[in-house]
Amino acid sequence: MLEKIVRRYGISANIILLGVVSFLTDTSSEMIRPLLPLFIVYLGGTYQAIGLIGGIGDSAASILKVISGYLSDKTGKRKIFVFAGYLTSSIAKTLYAFAATWQHILLLKTGERTGKGLRAAPRDAIIANSTHHDKRGLAFGVHRAMDSGGAIAGSMLAIIVLSYFWFFELEFAIMYQYVFIIAGIIAFFALVPLHGVREDDVTHNRQSIRASFSALPRSFRTYVAIATIFALGNFTYMFFILRAGEFLLAENGMSVVDIGRIAEIDPKFVLVVLILISALHMLFNITYTVFSIPSGKLSDRIGRRNVLIIGYSLFGVTCIGFAMLQSVAAFVILFALYGGFKALVDGTQRAYASDFVEPELRGTALGVFHTLTGIAALPASIIAGILGGYAPSATFLYGAAIGFLAAGLFVIAGRKGV
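In our numbering, the protein residues as written are 10 to 427.
These aren't lab readings, by the way, just hints derived from the structure by calculation. C-beta atoms are modelled at their ideal positions from N, C-alpha and C, and glycine is treated no differently. Mixed in with the good hints there might be a few duds.
Each pair of labels, with its calculated beta carbon distance range [what the hints assert, rightly or not]:
(1) Tyr399 - Val341: 19 to 29 Å
(2) Ser228 - Lys277: 22 to 32 Å
(3) Pro303 - Ile72: 25 to 35 Å
(4) Val266 - Gln186: 19 to 29 Å
(5) Gln112 - Asp275: 24 to 34 Å
(6) Arg270 - His142: 52 to 62 Å
(7) Gly53 - Leu200: 26 to 36 Å
(8) Val420 - Ile342: 22 to 32 Å
Pairs of lysine-lysine, DSS-like flavour, derived with a Cα cap of 27 Å [as the list claims (entries may be wrong)]:
(9) Lys83 - Lys144
(10) Lys144 - Lys88
(11) Lys277 - Lys144
(12) Lys86 - Lys144
Turn these sequences into a full structure, and let the hints guide you.
If you want it as structure tokens, here you go:
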């Protein structure tokens, strides 16, 4: 089976195995993701708290991305960082079941994302070095497709668990614990396929970390600068989920800040809201999955910069929609567009970052890319949270402005040969 897939797509077994790991990991993660924003509100968190949790989790993780990327280049050992990262995230997900305040979620989310910081750059370096240049966009697209395929499975599992609680009228207070524990178990199973991943055979980078940074070309630095500007507007997904939740509750004359009281009075209604949110999130993941591989192929054919211009612009359009439109039909379209944006941008950004450097520097280059864009996630989500506290639409208008700005900068950079 594995050999047939490898022959069909012309990519190595490492891509498939890491894809299986990501499939199981995202199954676990996506059981949690659509439920987390309202859970934070349920525990007393505000718009600003959601921005802090979403931002600091990604940014704290990013501090490790450049270090793990550099050390994986330095030692030539990437797999150990990948394993440690997935293990750390698995532990944090399981501990969500015991959270009693939004501050607990802040700590655990930071731990979960720290695990991602450990694994992201070394894993992407394995993918890049396991694939020929003209197949690299496809390889990252395949990996992202399997990753987002797991996300669909996770959203479906969340819907199944929520429906089970709704049908049998079980206690709402323990529903989240069930979801988190099941997600944690799946996350630990994701560690098994890592055993079959082979270390990529590259020359060890013996330079100091400062020398490694100096060896990165100017064109790479220009690219990362623009990607970082975009990251300043690419705030946490939780605001998109929260926007849908606010609409569904408002349609019934309720406020999202009263979610705890509403759950006590009418838990079945809150479960229905969570099921609908999970369904919208699943639609996002379906769109993401469907377009991940075509987006990778498109970046191989027309150039990664052009695909990113399209992706950043689509993000701007999507944000305007979230700011202005308020109907079930609109949210269906907007979550599909959000998935299309993610498919265009996620794998392409990483593939583009690896294109600028030689194999022995790819861990460092990807680490720099992940770190700078990840650090930008903190002010992005904090600004979004502050704006959302005044008017939720302001959050998305801010994101739209940054998305169009970054797309325009890529157009200008392209004229200068970047």
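Violations among the numbered hints, reported as their numbers in ascending order
Of the numbered hints given earlier, those the structure breaks are 2 and 11, listed in rising order.
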